[in-house]
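S.K.: Spelled out, the chains give:
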Amino acid sequence: MFKLRYAQLEEIYGWLFVTPWLFGFLAFIVGPMLVSVYLAFTNWDILTPAQMVGFDNFVKLTTGDPLVGQALKVTTIYAGVSIPLQVVLGLILALLLNEKIKAMSFVRTVFYLPSVVAGVAVALLWRWIFSPDFGLLNAGLDLVGIDGPAWLADSRTALSALILMSLWGVGGGMLIVLAGLQGVPTTLYEAAEVDGANSWVRFWNVTLPMISPVILFQTVMGIIGALQVFTEAYVMTEGGPKYATLFYMLYLYQNAFEFLKMGYASALAWVLFAYILLLTLLVLRFSAAWVYYEGVSTKAGQ
Amino acid sequence: MNSRVTRRSFLKVAGGGLALSMLSACAVAPPAAPGEDGQMAEPVTIQLMFWPVGGERGIASMEKALEPFEEANPDIVVERLATPWGDLHDKFLTTSAGGVPPDVSAVDNYYLTQFASKGILLALNERVDADPGVNDEDYFEAAWNEGVWEGERWSMPYIGSTRVMYFNLDLFEAAGVPRPDEQWEAGEWTWDAFLESAAALTDTSGDVMDTVYGTMADSSMWGGLQPWIWGAGGDELNDDRTQSLLNTPEAVAGFEFCQNLIHDHGVAPTRETTQDVNLVATGRIGIWASWRGLVMAYRSYDYNWEVVPFPMGAEGKLTLYKGNSMVVAKAGKNLDQAWQLCKYMSSQEADAIWITNGGATPRKDNTDVLLNSRPPENNAYFYQPLAEGWAKTIPFTPLWVEWTRSLSPFLDRIFLDNEDVQTVMDEAVVTIDGILQGDS
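Line by line, the protein sequences are chains A and B.
Note that the numbering used here numbers the first sequence so that position 54 is 54, with each residue one more than the last.
To convert, count from 1 in the second sequence and add 302; that's the numbering used here.
Derived coverage of chain B by chain A (criterion: at least 3 residues anywhere in the stretch with Cβ under 8 angstroms from a Cβ of chain A; other residues may be distant):
#1 391-402
#2 414-428
#3 573-584
#4 702-710
Don't read these hints as lab results, they were simulated from the structure.
Cβ atoms here follow ideal geometry from the backbone N, Cα and C, with glycine treated the same way.
Isolated chain A (complex conformation):
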């Protein structure tokens, strides 16, 4: 009979506790990913055996399918506009809600609440808001003398409408920034005040650098999320009008489950994976110039 040391016992418990997740991760994430690598090189309709087609799917999506370019364009514009908007708006809201006033917990809850309600319900709600003749948005614009556009029914405004709608979930980002703000040591503000810094200088030179890791996190997660947008387009526009909201994930879904081109859809998925990876690495690479950890920039230990 041998006795386990406490550390060994703890390690065994650790593995035991993590095993269900590990099993799920391997079976439902890694496994399908590996299978989809194989499928990307096949012609597979889900129901009959896959046929190897070499690089045909990748050749087609890069040279023979204009909708891939359209889907990438739509998705990139959406991400490029909605992520900065969400980060900046989240930061502004967090700054406002970081003040010590009465009933602040209630106010914070009110701002956070919309981000809890997500998915199809929100998409349907926003369809009503964007309704050209009877919607809340155009009714509001009408009050100030503006003849509102057709929003989702007009190819020129449909994507803008979905970007506007993405701000619905800004409360989630606000909460993270708020947590970051409350982690900034007050001694730094006191020292800045002693040095004669006004509120803008304190924000620019103390607050922003101190919460820059949080902003980086928001940006990276935002990129990953925005490039995988699906529900809004699926429920609200089906990619129209005139492909103006053909998001990449929607096009992937259509190929996989409507046209039964699972091999081609797998190839599309891996291209998206590479695109997200590339953008994430670029952001991380350039983050060295503006992200500070413990008050020190990762760039040359500034």
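Following the hints, position chain B against chain A.
M.R.: Below, chain B without anything else, positioned relative to chain A:
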């Protein structure tokens, strides 16, 4: 012989025994055979997937229909899988791919040929021929033939409807416009008469909340545009369904008629206006096309309404019939019992229940039930096109979903941007032919 059991060998045997007992617990017990004492075999469970038409109402209808079936077939237990229409077809596909499809399923005919072409449905020819309980003479020909693709029967007709025109009787009376059904009976219900009526009803002079449109323009290939295209003498595809004919002068005329309702005549709202707003429910539309399934909703409206066939175009009397299907999954374990259920779902008894929940019968022997399911009073218009042979069906192909999806942006150009139909359709046909001929 050394019979000593070591700890290692004991653990091996114990572990093996445990694994075997676990495996045997997972195994499905075979159905018991009838005993010598004549006792019934263990009931077989058959999964039935369907979309509940009208939500809770549809589930209640299904329960009502299954009750006599289960009483008459004590050896079959039906496991109900109520699934929203939007999810059902994906679910049928994925469960089929996984080898565990529901034994019997409702399938919208938009998807039937796609599923049949993938080999996941049981061909029913032999069973239909051998079963004295099934007689093709009981069904209207168009409805019966919708379940056939490439010479094989893949389904039994289930629910379905002809496309008719509904009209707001109160608006017609208020405007002093002759009732469309009276115009039809007089043989005067033509495209021109339809347009005249719509124009007489339209009033867009006041506030948007008081606006009334004579009609709504169809702008979808999911049953909406076909009656106009066919009515003008056009067609979607050639006979072998490998080429699109949507840019022929006849088809273009059909598109143009619908386009002009919005952009030239101003008797139909734009898609912007109708988006998410039920103008029919609020009594703002004079006459509009739809299926019989809508009668259940319309019965709760606070105005009087009736139905009339599609107006006569260049081709005379013509409309569309589109049904749905009950299919048997080829991978099912109990095909005989599944066939019994599939057949029953299309029977006169079950069909009578579907009619009371908004269905329009594919069966000749249920027209009385349909006539008595009022309102509307003019229920005969739902089956007359089938009985008299002027109801056409959509030429479905396994690529139907894909080619109609590819048409959407072109239809946007016609109905949203008011572009020249011929120019747009010349471009659309290139895209559609690419899909139909496997180039995409």
